[in-house]
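With the hints as constraints, model all of the structure from the sequences given.
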Amino acid sequence: MTRPRFLPDNFTLTLIGVVLLASFLPASGQVALGFGWLTNIAIALLFFLHGAKLSRESIIAGAGHWRLHLLVFGLTFVLFPLLGLALKPLLSPLIGDQLYMGMLYLCALPATVQSAIAFTSLARGNIPAAICSAAASSLFGIFLTPLLVTLLLNVHGDGGSTLDAIVKISVQLLLPFIAGQIARRWIGAWVGRNKNWLKFVDQGSILLVVYGAFSEAVNEGIWHQIPVIDLLGLVVVCCILLALVLLASTVLGKLFGFNLEDRITILFCGSKKSLATGVPMAQVLFAGSTIGVLILPLMLFHQIQLMVCAVLAQRYAKRQESVPELMAQVDP
Numbered sequence: 001m002t003r004p005r006f007l008p009d010n011f012t013l014t015l016i017g018v019v020l021l022a023s024f025l026p027a028s029g030q031v032a033l034g035f036g037w038l039t040n041i042a043i044a045l046l047f048f049l050h051g052a053k054l055s056r057e058s059i060i061a062g063a064g065h066w067r068l069h070l071l072v073f074g075l076t077f078v079l080f081p082l083l084g085l086a087l088k089p090l091l092s093p094l095i096g097d098q099l100y101m102g103m104l105y106l107c108a109l110p111a112t113v114q115s116a117i118a119f120t121s122l123a124r125g126n127i128p129a130a131i132c133s134a135a136a137s138s139l140f141g142i143f144l145t146p147l148l149v150t151l152l153l154n155v156h157g158d159g160g161s162t163l164d165a166i167v168k169i170s171v172q173l174l175l176p177f178i179a180g181q182i183a184r185r186w187i188g189a190w191v192g193r194n195k196n197w198l199k200f201v202d203q204g205s206i207l208l209v210v211y212g213a214f215s216e217a218v219n220e221g222i223w224h225q226i227p228v229i230d231l232l233g234l235v236v237v238c239c240i241l242l243a244l245v246l247l248a249s250t251v252l253g254k255l256f257g258f259n260l261e262d263r264i265t266i267l268f269c270g271s272k273k274s275l276a277t278g279v280p281m282a283q284v285l286f287a288g289s290t291i292g293v294l295i296l297p298l299m300l301f302h303q304i305q306l307m308v309c310a311v312l313a314q315r316y317a318k319r320q321e322s323v324p325e326l327m328a329q330v331d332p
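Sequential numbering of the sequence shown, starting at 1, is according to my numbering.
If you're looking for bench data, these hints aren't it; they were derived computationally from the structure.
For lysine to any residue, the following SDA-like pairs were computed, each having C-alpha atoms within a straight-line distance of at most 25 Å:
1) Lys-88 to Leu-242
2) Lys-195 to Leu-45
3) Lys-318 to Gly-192
4) Lys-318 to Thr-250
5) Lys-199 to Arg-124
6) Lys-199 to Tyr-316
7) Lys-195 to Ser-55
8) Lys-199 to Ala-183
Given the structure is predicted, the values throughout are model-derived calculations rather than measurements.
So this is what it looks like as structure tokens:
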């Protein structure tokens, strides 16, 4: 049977199902701990396969794409905070002062790593540049986010485990990628012949991240902390902020003359905010009694960005392949 045109694709329907599953059956306790390990393994496998797939020449080219990295950094650490400040007349009446402070905290956070790269891969963007840009954003965010929080919210933290965060990122992302690069000489050709399997790893890692993140949000009492009307207002605010950043990413990518693959990378790396980094940082920067409400905008924004970007990535993935992409497939 032909799929009705008004229905989304299978992956988006699966994503919606995962969100509903997490809402009614969130992972908690030992189950959540085990699921966290499973998610970390899936992400490590994703980076291992990308390491085995990408040539060293491609990685060097991605790291040297400084114009793209500067634009992504500008979107993440400059445009987001400026929008948060500029939209105060709209945000405060809709969600109140405390949730507005949470929006400012959201704007100060670094980009996600795994989902940005997974969506870029799914959409057939510039994966080497996405890996370099997203990983660098996460690392630099460890230092830039506390500074931005101090400037935007006038909050001073008590230090924090910067070294632990760097070690965690390196162990989870960098080491599997390096291992994949080392193994490329033995499995690189096999990975290249089984790109469809790599696509399932991309999608699977996204679904795992969505379920784990939304389970955490539900366990934190996301549906009980604020009135329904304020929650609806917060959803509207998150959608407006995401739409503005997505629009700016698209316009600036074209304005500065980037090709389509680079614009895809800019779109998915420059519009993300990290829940995995934001929650631990909030525990250091804020008092315990205020953390729940302050991270609520981040929880909602994280889910919305995953849903919207999943749709965008699927649309980009369906485009016809360009001549360079076709040549890359036949190049050993």
